[in-house]
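Novice: What follows is the residue order along each chain.
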Amino acid sequence: MTFTNNLFYFLSFVAVLSALMVVLSKNPVHSVLYLIITFFAIAGHYVLLNAQFLAAVHVIVYAGAIMVLFLYVIMLLNLNQESEAHKSTLMKLAATISAGLLLVVLIGSIRGSEQLMVQPQQVEVGSVKDMGRVLFKEFLLPFEISSVLLLVAMIGAVMLGKNEEEGKNAS
Amino acid sequence: MVSTSTLISLVPLFPLLGFLLIALNANRLSKGVTAVVASGSVLISFVISMILFFNLLSLAPEQRSLQVELFNWIATGKFSASISFLIDPLSSLMLLIITGVGFLIHVYSIGYMHDDEGHNRFFSYLNLFVFFMLLLVMGSNYLLMFVGWEGVGLCSYLLIGFWFKNNDYTAAANKAFIMNRIGDLGLIVAVILIFVQFGSIEYSNVLSAAAAGGGSEILTLITILLFVGAMGKSAQIPLYTWLPDAMAGPTPVSALIHAATMVTAGIYMVVRNNILYTLSPTSMGLILLVGIITALFAASIALAQTDIKKVLAYSTVSQLGLMFVALGLGAYTTGIFHMATHASFKALLFLAAGSVIHGLQGEQDIRQMGGLRKYLPITFAVFVIGVLAISGIPPFAGFFSKDEILAKAYEHGMVIWAFALLTSLLTVFYMFRLLFLTFFGQPRAKADVLSHAHESPPSMTIPLMALALLSIIGGFMGFPEVFGGTNPLAGFLEPLVATSNTHLAEHSLSHNTELTLMAVVVALTIVVIIAAYIRYVSRKHVPAANERNVSALQRTILHKYYIDELYEAIIAKPLFAMGEFLQQFMERLGIDGLVNASGNGVVGASRYARLLQSGNIGVYIFIMVIGIVLILSANLFL
Amino acid sequence: MRAEDSISPIVPPEEKQYSYLNLGPTHPATHGIFQNVLKMDGEVIVEAESTIGYIHRAFEKLAERRPFYQITPITDRMNYCSAPINNIGWHMTVEKLLGVEIPKRVQYMRVIIMELARITDHLICNAVIGVDTGALTGFVYMFQQREHVYEIYEEICGARLTTNLGRIGGFERDFSPKAWAKIEKFLKEFPEVLKEFEKLLVRNRIFMDRTIGVGGITAERALNYGFTGPNLRAAGVDYDVRVMNPYSSYEDFNFTVPVGTQGDTYDRFMVRQAEMWQSLSIIRQAIDKMPAGPNHADVPDFYLPPKEEVYNNMESLIYHFKIVMGETDVPKGEVYHSVEGGNGELGFYLISDGGRTPFRLHFRRPCFIYYQAYTEMVKGSMLSDAILTMSSMNVIAGELDA
Amino acid sequence: MKTLQGIPLDYYLWLSAALFTIGVLGVLFRRNAIVIFMCIELMLNAVNLLLVAFSNYYSDASGQVFVFFIMAVAAAEVAVGLAILMLMYRNTKTTDINILNRLKW
Amino acid sequence: MESSKTDAIISIIRQEFESEIVHIEQPYQLLTITFKPERIIEIIQFIYSHSELQFQFLTTLCGIHYPDQNQIAVMYQLHNLRTNQRIRLKIFLSADQPQVPTLTGIFSAANWMERETYDFFGVTFIGHPNLKRILNVEDMIFFPLRKEFPLEDQTREDKNDALFGR
Amino acid sequence: MTLLLFKVILILAVFAISLFMAAYSTYAERKVAAFMQDRLGPDRAGPFGILQPLADGLKLFMKEEITPEVSNKFLFVLGPSLFMITALMTGVVIPWGDLINIDGINYSLQITDVNIGILYVFGVVSIGVYGIMIGGWASNNKFSLLGAIRASAQMISYEVAMGLSIIALVMMTGTLSLKEICEYQAGGVGGNWNFWNVVYQPLSFLIFIICAFAECNRAPFDLPECETELVGGYHTEFSSMKLGLYLFAEYINMFISSAIMATLFFGGYNFPFMHDLGLSQNAITIIGTGVLFGKIIFFIFFFMWIRWTIPRFRYDQLMNLGWKGLLPLAIGNLLITGLFILLNNRG
Amino acid sequence: MERLTNRSKIVSDKKMTFLEKIYLPAILSGIRITIKHMFKKHATVRYPEKTREFSEIYRGMHVLKRDDKGAERCTACGLCAVSCPAEAITMEAAERKKGEENLYREEKYAAKYEINMLRCIFCGLCEEACPKEAIFLTDRIVTTDYGRDSFIYGKDKLVEPVDARIDVTKRQTPEVLEFKQHKKLSHNR
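Note that the protein sequences, when read in sequence, are chains A, B, C, D, E, F and G.
Just so it is clear: in the first sequence, position 39 is 39 by our numbering, and no numbers are missing.
Remember, our numbering sits 171 above the position in the second sequence when you count from 1.
Remember, our numbering sits 809 above the position in the third sequence when you count from 1.
Remember, our numbering sits 1211 above the position in the fourth sequence when you count from 1.
Remember, our numbering sits 1316 above the position in the fifth sequence when you count from 1.
Remember, our numbering sits 1482 above the position in the sixth sequence when you count from 1.
Remember, our numbering sits 1829 above the position in the seventh sequence when you count from 1.
It should be emphasised that the hints constitute simulated quantities derived from the structure, not laboratory data.
For clarity, every value in this text was computed on a predicted model and none was experimentally measured.
Treat the hints loosely; a few may be bogus.
[To be verified] With a straight-line Cα cutoff of 20 Å, these simulated PhoX-like cross-link-like pairs (lysine-lysine) come out:
{"hint": "1", "chain 1": "C", "residue 1": "K987", "chain 2": "G", "residue 2": "K1927"}
{"hint": "2", "chain 1": "C", "residue 1": "K905", "chain 2": "C", "residue 2": "K1141"}
{"hint": "3", "chain 1": "G", "residue 1": "K1984", "chain 2": "F", "residue 2": "K1806"}
{"hint": "4", "chain 1": "D", "residue 1": "K1304", "chain 2": "A", "residue 2": "K137"}
{"hint": "5", "chain 1": "G", "residue 1": "K1961", "chain 2": "C", "residue 2": "K1131"}
{"hint": "6", "chain 1": "G", "residue 1": "K2009", "chain 2": "G", "residue 2": "K1999"}
{"hint": "7", "chain 1": "E", "residue 1": "K1463", "chain 2": "C", "residue 2": "K1141"}
{"hint": "8", "chain 1": "G", "residue 1": "K1927", "chain 2": "G", "residue 2": "K1937"}
{"hint": "9", "chain 1": "A", "residue 1": "K137", "chain 2": "B", "residue 2": "K744"}
{"hint": "10", "chain 1": "G", "residue 1": "K1941", "chain 2": "C", "residue 2": "K1008"}
{"hint": "11", "chain 1": "E", "residue 1": "K1463", "chain 2": "E", "residue 2": "K1406"}
{"hint": "12", "chain 1": "D", "residue 1": "K1304", "chain 2": "C", "residue 2": "K848"}
{"hint": "13", "chain 1": "C", "residue 1": "K1008", "chain 2": "G", "residue 2": "K1843"}
{"hint": "14", "chain 1": "B", "residue 1": "K617", "chain 2": "B", "residue 2": "K346"}
{"hint": "15", "chain 1": "G", "residue 1": "K1869", "chain 2": "C", "residue 2": "K997"}
{"hint": "16", "chain 1": "F", "residue 1": "K1555", "chain 2": "A", "residue 2": "K162"}
{"hint": "17", "chain 1": "G", "residue 1": "K1850", "chain 2": "G", "residue 2": "K1838"}
{"hint": "18", "chain 1": "G", "residue 1": "K1898", "chain 2": "G", "residue 2": "K1984"}
{"hint": "19", "chain 1": "D", "residue 1": "K1304", "chain 2": "A", "residue 2": "K129"}
{"hint": "20", "chain 1": "G", "residue 1": "K1843", "chain 2": "C", "residue 2": "K1004"}
{"hint": "21", "chain 1": "G", "residue 1": "K1838", "chain 2": "C", "residue 2": "K1116"}
{"hint": "22", "chain 1": "C", "residue 1": "K1008", "chain 2": "G", "residue 2": "K1937"}
{"hint": "23", "chain 1": "G", "residue 1": "K1869", "chain 2": "C", "residue 2": "K1004"}
I would like the entire structure built from these sequences, with the hints used as guidance.
Specialist: Encoded structure:
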């Protein structure tokens, strides 16, 4: 009981802190690295929630692919803190206030909910088998559609990334 | 050894593979390779079909129904459809016809299409057609049948418009397509109704449920709608006009699709659902009526046609009508029997006609033929066999099947019998007219065409001979009981129609009556043949080239009773007029006005609203967040 | 804030961001010291510029201060992969100036040495192409054989890399029996290793993919750029000094001129490979045909008298002194002599004013001339290709900078 | 896994609300398009976390399947988005989001 | 080289550029023609494209300093690979300000050769795309291969650098 | 002995063995290279030079630590550390042996049997990219950056084909757990005739081993560090033990991939006739572990063997091979496997 | 471009067969070769323990010879310095004094004789130039060192010790050796 709770607090602390650092650190590379830490904390939460498969996929997809892409782009563009212009203080203040407002409203809406315990289930919903069963039975159509989406995104990315001059030369 | 279930799934696979192989490599494959792949794939299917057929024969009659489910195709809510194949006597017979005749026609096409630039495309379409046709007959549910149904329609469209550079041909293709859609509409509505009514679209479920449930109005509605589909596909009045026009396609297509296989889909479908029909006498009556009218009507049109393929096309329509007569009479096996024999001799006739056309460099008008006996001896021989078969001269194939229909009609009543007999005699007349005009008498073709007239290559003549053989012996599969023994085909199909037979009143004709009928029919036939001989050979009558020289009746017939014009006047014109009206008033004033008004309004409003757009994304996001906060708080506090 | 104020300058697309990469002067792939500044778009080279001269030693100037026999060690240091060719080329130039008739035996011995040198030259180049594609092992196999050739040099002249081999008029001494034995051994062993090396690379798809179509140059451009040697032959022009202007009795030997088709890296590799086989056959022929005779021509003004004479005989001693001091007369004149070096036509343009040193000596260094095409050849290719192109052109920094 | 049990569901609600708000803050706060992009990812993950928590609570795998789809969509989004960013950088030499103020017409 | 061939070449060149020829000789069987410097590029272009000459391969190019005449010669050596004939062309320029048009328009190979000649002798090749020093450092102020910059005497003994001297 | 104590010991052992194997892989690499090239290799430190790894390690520790002025100090240290950590983390899910019986209690020679073991491996491997990327970027050197970019692109690309090739295997065995896959191949000849997976999935194995080469940045896929092009690639600027970490981690990766290959395709700790010898369980386990290490060592040798034989690819050719060659092949393999499973289940 | 000679032959074939396209056969044959080499004789020479056999005429470190009686042969004629293309030899001549006959063979000798080994290119021209059999190159190696100064070899390093003569007879031609056997020339030993 306490172990789980402690773990939860620790992971949450890490997640929130590094999420904040994502926003606040000046160097985009640091932002990326903090975000990766956040993702790891979230993956830890997944494991806590008995969703090991999802945790692994989360790490592979987010940390292994998406964030690498981010890092890749930042490296290619060679961005560092000097390159970012800062917003005016007024804008920053406004941003903070409105985000705070959002938080307040969210908390307000959550506050009413009762205390529900998350229990590790007898039925292992997080196992590969269960996931697969649900995914390929109930969600087959969305699954197929999302595969199409990925394909389209891939083509789109390639088209966008393609050098225009090359295209001209080819034609 | 591969299991039977695998074999079943292999049957449609090979034509599909053939299609994919050819279609994807159309520009790369040589003509020879394409031809071998296309025909080979169908041949393999044929061989497998044979194996399946004999497998089926080896089973006890009650067990002769193999179903193999490949995978679940659609599963949403209660609705589920699987890709699964059903092999029973009916579909296995159909398989044999499709793949067997199909294979022969493939081989024939090798010679016929050899010099065409679309050679590879043609074969890919043919293979695709065979695939869809197999799907149609093998599907174990209505949806799969519908897929096949649509697929063959598509292939038919593609093949009719094969020479798409000719506008008329494209128009014919369009016509066929649209006509078929009308029928398909009926079919799909019927399928939906079936699902609503029975909660399933599997044949097994539906048919057994229907048999158990008995007749009802909804069943009548379903069957009529199904029959609408059949009318479209099998070219029955009033949806028949596309078929003669479909002769625009290459001749092998006419033979395969528009004589032997696709047009019989309607027959197949009705027989497949025979229980439903048996349970709704109204529909049976409708079928009978439509069938007999179509048969007579088309036969009369055929009398005056001068295009060799058109004659055959109307003949097909007429024969299909006859088959529906049989079905309307509840004689399902008879219908199938006639369908099978018809498939062989009509394919033969078409292909022979194609051979003639091939030999005369594309000439189709029989007024420009005559005396071709000497030039095309093999074609002549097989054509004669075909004509004898369709005319019902014993012991050729047509004799047995036609006679069976006539006998059934006689059981039912003299009127039907009389009409059927009339149709059959008309058939004899126009077929012999065709034969005499084409092959007898003096050559009327232009000298230069004639000088090049030649017998077709072996790849064309060998399939002809094979089909001729079938036309000769094909009738014996339905050898009537009158001559002793049992009817093997009827026995084979028995499990299929057993339930229906229990519902149908048992007629039986005494052997004597039957024999007498046969004698009468044969005698009349011979009389008609002699008449035709006198008219076209002795008197050397040739249809006039000029319309003014013919009688009004003849002219009417020649113009197919002005049916096309009638359709044009009563359907197309009003439709166009209504479209014009809607375009003028509703569209321009009503809808456009509304749309434009809203557009103008937005433009006017946005002239001011756009000032909000600073173009600064940060600001947008900011506003968005504020919006979210507002919405959430509204949710929270209100 | 008005929107118009914040409209940013849009960078014109032609000013894309390129990065610059310094390939050299000390990069593992620049075998020697020279620099290429590559303007890169990602991994693709947009433009290149070569800077050379890092080991320029002013040989042409030095030569104007050296007696003729002292120029031989200078030539050693041009194409140090095939130093004997340079040495002998220089000797033949002087002999041409002097109009000396060289005995057949000396000519044949020179052929043997020069072909051995060509083998080492090509061997290094091809082995290094292997290294630059990542296949190190073939390189080591080949280098063992280079070692054997160097041992042969050592038996003949006492040195291995910068040989200072031979003298004006012939050789300082006859080949020892040990040298002959080593040559025979090499002729026996080398073909096996060469075959093995070919098996490792020649039909390996990875290697073929890496080299085919890489750094190609057409025959026209190659000629315009003054290509000679294997690089020109790879482009399909069968220009070989040994065939076109035979020297040192090359006309006596039967060999073919291997050519390529597109002038790409693979062609260059294959041409060099084939030339090694041809060289082996030439050496074989030379040994078989080797005539008897003296190991030097009769040039008392340039070839040192035998030591025993010097120790004992005053006249010889005087000659000895005269030759060593470089005080012998040479004819005035202008002579150009070229030999087929490891990398192509190695020319010596010598103007003599009759003095003890050349008035002007110009080396036609094949590397220097064809390396300027490098920038053109790598344009649009990838970094890896640029490196392979460089190593397959066999740029020897010593010859490049002279 | 006996030790792991009993974290109240609303803890997760708080946590993901916090993460989400931080994401929003980042989007508002920063001008670097890439960082904004990352903050959007953060918001998506906040939602994912909540979905998994709910899924576990109701012992229904659907929630996890949604997370799966969100990941797929995120991957697609990142691929296209970063390609656009590259294009933007290529044309403007900056990733400052304010530079894109010509999108208004 | 057979004399008939050389004679043919000489006569073709004479026909076109009689007035430009200063001197013709054949040291060691290599046809050497000295021209006036003004139209040298034109001449090379001519013998490059003339159907019988076709000297389409630039073997080498170098400078020679003659301090006594205060002249710098530029030597072009061309080669017809098809007939295997070589020809050497020479021009003499004043050493004070040697200038000659560039050959890079005809031979890409001339690029570095001319740069080298510039580097060594200070010959300015007008129109050269990138005329700067190639082998020596760029801030060098003299042209090392001119004779007025002698190498140190080989036999001198005053220099006794512990590291590099002797 | 409690389970916890056993696990701790096991973890330490795996850690130590990984490091030991990596250290001796460097030695083996040099020896193998030398022998293949007719050389002798290191033979000065100790008999046959077997102390060479120690000497190397000592040298790396003693070397001057150079951090480039312009680089990002923290990231510069983080890069190699991360690479090393991820390399070591993979060993957790590999079954090093069967059950061992101590004092009547059975202990499994596997640190933890995660039921999604293969996914875990992939997850960890995908983190390894960061080590290279961060290190290469933080060096602030163009060659390093190029190397880092090549490495990350290459590793991500080949992970796809690798994953797909494994999925075929997973479909066949029906589990993601390495232990279960290993036990699936138990017995072998003489037992219940369950052959090694490589017999059933040769294509999958081929793709996997090629991808493993690419993931470990080994020749012919050693583009990120090819010295003739990029000087040293991503670790050009590293020196001292930071360089050591990179090199070490690479060898650990090699060791782990060999272990995974042995487990997935070559029966892991199983060996033929293992149950027919009549040995005690502990003996079988110990022999099995030995057999596993034999297989691993063979694969490590194979890695080296290939490296010293063939040339490397070019960047675009590598990508072509990955995306246009291996990926379709893997998908094809997947489909064929699926088809077989389908037919098998039906028949 | 047409062919210039009739001896040319195209040697590169860029078409790949299918087997070559699938990489594997070439790789297999490659690994066969490398594995074969694992069991071959190693070419390495374990240097400090074993040395490679030098040729008899190897051009290594110089030696200044003494004659049979132990007197230095060099007479400081300077030919070696003149012939040195690298200008590495420096010498100072001196007159032999009375009582030094056992030290120097001729009346003139080299008081200082230095070779800068960093400049020396071991071309062997000094050996050829020497009319007095005084300087020879040997198969000894000039050892490495840290400073540049130590590479200037003076007479202390160059002249052979009396008790440890360095044999150079292998470098000399048979004619020279035979000539030295002559009685009347015994002063030359």
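Novice: Confirm or reject each hint.
Specialist: The hints, checked one at a time:
1. Our distance criterion of 20 Å between C-alpha atoms is broken by K987 (chain C) and K1927 (chain G), whose separation comes to about 47 Å.
2. For the proposed pair K905 (chain C) and K1141 (chain C), the alpha carbon gap of about 12 Å is at most 20 Å, so the pair holds.
3. Taking the CA atoms of K1984 (chain G) and K1806 (chain F), the gap is about 72 Å. The hint is violated against a cut of 20 Å.
4. Pair hint K1304 (chain D) plus K137 (chain A) does not hold up; C-alpha atoms about 48 Å apart against a cutoff of 20 Å.
5. Taking the CA atoms of K1961 (chain G) and K1131 (chain C), the gap is near 16 Å; set against the 20 Å cutoff, the hint holds.
6. For the proposed pair K2009 (chain G) and K1999 (chain G), the alpha carbon gap of about 14 Å is at most 20 Å, so the pair holds.
7. A C-alpha spacing of about 18 Å is found between K1463 (chain E) and K1141 (chain C), which places the hinted pair at or below 20 Å, so the restraint holds.
8. With a CA separation close to 12 Å, the supplied pair K1927 (chain G) and K1937 (chain G) stays within the 20 Å bound.
9. Proximity of K137 (chain A) to K744 (chain B) is assessed by CA-CA distance (about 51 Å); at most 20 Å being required, the pair is judged violated.
10. For the suggested pair K1941 (chain G) and K1008 (chain C), the alpha carbons sit about 59 Å apart, so the restraint of at most 20 Å is broken.
11. Distance check on the hinted pair: K1463 (chain E) and K1406 (chain E) sit about 19 Å apart at the alpha-carbon level, within 20 Å; holds.
12. With a C-alpha separation of about 18 Å, the suggested pair K1304 (chain D) and K848 (chain C) falls inside the 20 Å cut-off, and the hint holds.
13. For the proposed pair K1008 (chain C) and K1843 (chain G), the alpha carbon gap of about 15 Å is at most 20 Å, so the pair holds.
14. About 33 Å separates the Cα atoms of K617 (chain B) and K346 (chain B), which puts this hinted pair outside 20 Å; it is violated.
15. Taking the CA atoms of K1869 (chain G) and K997 (chain C), the gap is about 17 Å. The hint holds against a cut of 20 Å.
16. Under the criterion of a C-alpha separation no larger than 20 Å, the hint pairing K1555 (chain F) with K162 (chain A) is inconsistent with the structure, at around 35 Å.
17. Restraint check for K1850 (chain G) and K1838 (chain G): the C-alpha separation of about 25 Å exceeds 20 Å, so the hint is violated.
18. Distance check on the hinted pair: K1898 (chain G) and K1984 (chain G) sit about 18 Å apart at the alpha-carbon level, within 20 Å; holds.
19. For the proposed pair K1304 (chain D) and K129 (chain A), the alpha carbon gap of about 48 Å is over 20 Å, so the pair is violated.
20. The straight-line distance between the Cα atoms of K1843 (chain G) and K1004 (chain C) is roughly 18 Å, inside the 20 Å bound, and the hint therefore holds.
21. Between K1838 (chain G) and K1116 (chain C) the CA atoms are separated by roughly 49 Å; this puts the pair beyond 20 Å, and the hint is violated.
22. About 65 Å separates the Cα atoms of K1008 (chain C) and K1937 (chain G), which puts this hinted pair outside 20 Å; it is violated.
23. Straight-line distance between C-alpha atoms of K1869 (chain G) and K1004 (chain C) comes to about 17 Å, which keeps the hinted pair within the 20 Å bound.
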